[in-house]
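Colleague: Protein chains in written order, with the numbering used here: chain L, 1 to 289; chain E, 1 to 273.
Keep in mind the hints are simulated off the structure, nothing from the lab.
A portion of the hints provided could be inaccurate.
[Unchecked claim] So these bits of chain E aren't anywhere near chain L, every CB distance computed over 12 Å:
hint, residue
1, Met20
2, Ile234
3, Glu254
4, Thr264
5, Pro269
[Said to hold, decoys possible] Lysine-lysine pairs mimicking DSS-like chemistry, simulated, CA-CA at most 27 Å apart:
hint, chain 1, residue 1, chain 2, residue 2
6, L, Lys112, E, Lys215
7, E, Lys215, E, Lys179
8, L, Lys161, L, Lys261
9, L, Lys266, E, Lys215
10, L, Lys266, E, Lys179
11, E, Lys179, L, Lys112
[As the list claims (entries may be wrong)] Reference listing, derived: stretches of chain L covered by chain E, where coverage requires no fewer than 3 residues with Cβ under 8 Å from a Cβ of chain E:
hint, stretch
12, 54–62
13, 123–133
14, 147–161
C-beta: ideal position from N, C-alpha, C; glycine also.
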Amino acid sequence: MFGPTGVTAGILDIGTRKAEDERRRASAQGSGALCPAKFLGQPAAFDIPNVPDPAYFCRSNFASACGGGDSNQTVKFAKGTTTLAFKFNEGIIVSVDSRSTMGAYIASGTVKKIIEINPFLLGTMAGGAADCSFWERNLGMQCRMYELRNGKRITVAAASKLLANTVNSYRGYGLSMGTMITGWDETGPQLYYVDSDGTRLKGNMFSVGSGSTYAYGVLDNYYRKDLTVEEAIDLGKRAIYHATHRDAYSGGINNLYHVTKEGWTKIHSIDVNDMHYEFEEEKKNAMSS
Amino acid sequence: MASYMQAHQNLQAKNGQMAMPVHSSEGDTTIPVSFDNSNNANANPSADHIDHGVTEAPYERRFSPYDFNGGTTLAISGEDYAIVAADTRLSSGYQILSRNVTKLHELTSKCVLGSAGCKTDIDQLRSVLDINMKVYHHNHRKEMSTPSVAQMLGNTLYYKRFFPYYSFNVLAGVDSEGKGAVYSYDAIGSFERTPVTASGSGQSFLIPLLDNVIKHNNRNDEDRPLPAEEVVEIVKDAFVTAGERDIYTGDMLEIMVIRASGITKISFPLKAD
Numbered sequence: 001m002f003g004p005t006g007v008t009a010g011i012l013d014i015g016t017r018k019a020e021d022e023r024r025r026a027s028a029q030g031s032g033a034l035c036p037a038k039f040l041g042q043p044a045a046f047d048i049p050n051v052p053d054p055a056y057f058c059r060s061n062f063a064s065a066c067g068g069g070d071s072n073q074t075v076k077f078a079k080g081t082t083t084l085a086f087k088f089n090e091g092i093i094v095s096v097d098s099r100s101t102m103g104a105y106i107a108s109g110t111v112k113k114i115i116e117i118n119p120f121l122l123g124t125m126a127g128g129a130a131d132c133s134f135w136e137r138n139l140g141m142q143c144r145m146y147e148l149r150n151g152k153r154i155t156v157a158a159a160s161k162l163l164a165n166t167v168n169s170y171r172g173y174g175l176s177m178g179t180m181i182t183g184w185d186e187t188g189p190q191l192y193y194v195d196s197d198g199t200r201l202k203g204n205m206f207s208v209g210s211g212s213t214y215a216y217g218v219l220d221n222y223y224r225k226d227l228t229v230e231e232a233i234d235l236g237k238r239a240i241y242h243a244t245h246r247d248a249y250s251g252g253i254n255n256l257y258h259v260t261k262e263g264w265t266k267i268h269s270i271d272v273n274d275m276h277y278e279f280e281e282e283k284k285n286a287m288s289s
Numbered sequence: 001m002a003s004y005m006q007a008h009q010n011l012q013a014k015n016g017q018m019a020m021p022v023h024s025s026e027g028d029t030t031i032p033v034s035f036d037n038s039n040n041a042n043a044n045p046s047a048d049h050i051d052h053g054v055t056e057a058p059y060e061r062r063f064s065p066y067d068f069n070g071g072t073t074l075a076i077s078g079e080d081y082a083i084v085a086a087d088t089r090l091s092s093g094y095q096i097l098s099r100n101v102t103k104l105h106e107l108t109s110k111c112v113l114g115s116a117g118c119k120t121d122i123d124q125l126r127s128v129l130d131i132n133m134k135v136y137h138h139n140h141r142k143e144m145s146t147p148s149v150a151q152m153l154g155n156t157l158y159y160k161r162f163f164p165y166y167s168f169n170v171l172a173g174v175d176s177e178g179k180g181a182v183y184s185y186d187a188i189g190s191f192e193r194t195p196v197t198a199s200g201s202g203q204s205f206l207i208p209l210l211d212n213v214i215k216h217n218n219r220n221d222e223d224r225p226l227p228a229e230e231v232v233e234i235v236k237d238a239f240v241t242a243g244e245r246d247i248y249t250g251d252m253l254e255i256m257v258i259r260a261s262g263i264t265k266i267s268f269p270l271k272a273d
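Working from the sequences, and respecting the hints, build out all of it.
Modeller: This is the structure we're talking about:
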């Protein structure tokens, strides 16, 4: 619970076997007063309730579950969402909504669900908001350490593997995280889906969250590999709009990013309400012509 | 009991009758149980034998480490100020334990934390934050900036992801440019910088009002930047309103106006009913 006691040369060892052994030795010696530094991403560094089956207790009382999964909990955590990403010839489009719900209460309409891990890697947030933002920030740290140790940028495959392994060690404890890790590395554009069950899938198109089924309907209908950039942006925008229109747990603002060889760029931030009237106009014009 | 099947496995046959083992501080005993309603008192209710669900079909009672002590906090950010306000009532169940317990905590000269929820978790969270800030001060020879405090609070909450602090926080302060900064949190550290936020039992009464009046949502009249003095009056009205509809909010309102030049405190009495 106490932070690192100083920025020493040992800081570069975070995540290595050497640091792990140091820590184990320090705690084994009973130097409780030193309170080992919180080396992130290592299991058993968290306080766990002192009950016979901690995993069962945690996932029944402190779950970030989507939908009604946590309806019997007194303390509900922020979650909810629609996120999507797809690969096409000109790169990757990542499009998300911005609503965060705690039970039936909308905790925020302005959540940043695209997490900028580094200028070449993006992660999305679906499921438990705190789970996603904490572990993706942790992933950002691990990616940076990789860069410093190896002198080159980490691949998307490796980054997604790091995240998948981390959450896999907390499997069964009630974490809820469905994220897409995407970026452009030396092997080209890559898109991986990682979730808190330990699933890690490589693919060309994913949609994650309570509104994902609505987004898939639109995406599957209009997706082609040879979309132009404008068409792809429009597709990403429309899919999120339709999902927010029908899913109560999605809404707010559509944030859309485009990943290219040079890195990611933010394309737009449009209120889905404004999109509704824009599309209505379109429909009216199409009907009258 | 986690499931019907588990409960069934725990039944012991005693004198040919199914019996559920019950543990209590006065010793262990068994209670006759059947799953076909034959000896369930509800099947044949009479004046002297109404089953309120406690003895005939026992359920497990368990110690809960959490208590909800009520209260409401809110925070609003402005061009060069941030305002944080909280009531001072401490409750437990239907009782008022105290009318004069503060929910606001100054972390730095530019940053105040307001928390509602379980008082004991809030106190522990504050101790941990104070210690971490002292350590930071020793290592970096300067006070923590408000965005850094915000990130640290988020991390501190997440470190207890599997046994959370039952604390609903708002953080208000001025950033290094002197602009007002307000951050809202959930119980496990998901946070976001927002223009306004409220947390606690009266949150649902305050946020819609603030969304309309301060953030100017869903309004067609002209928007203008509000000075701190006007916002303080709006905050007083908001808490009076919340106190009318929320039993856990009342007694007294503490307001702190945070500017780059310092923190001003204002107290305002609320209804004590």
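Colleague: State for each hint whether it applies.
Modeller: Verification of the supplied hints:
1. Met20: holds, 20 Å
2. Ile234: holds, 21 Å
3. Glu254: holds, 24 Å
4. Thr264: holds, 29 Å
5. Pro269: Since the minimum Cβ distance to chain L is about 29 Å, E/Pro269 lies beyond 12 Å and the statement holds.
6. L/Lys112 with E/Lys215: holds, 19 Å
7. E/Lys215 with E/Lys179: holds, 16 Å
8. L/Lys161 with L/Lys261: Answer holds: L/Lys161 to L/Lys261 is near 21 Å, not above 27 Å.
9. L/Lys266 with E/Lys215: Roughly 25 Å between the alpha carbons, so the hint for L/Lys266 and E/Lys215 holds.
10. L/Lys266 with E/Lys179: Holds, at about 25 Å.
11. E/Lys179 with L/Lys112: holds, 21 Å
12. 54–62: holds (count 4)
13. 123–133: holds (count 5)
14. 147–161: Violated - the stretch 147–161 of chain L has 0 residues with a Cβ nearer than 8 Å to chain E, which falls short of three.
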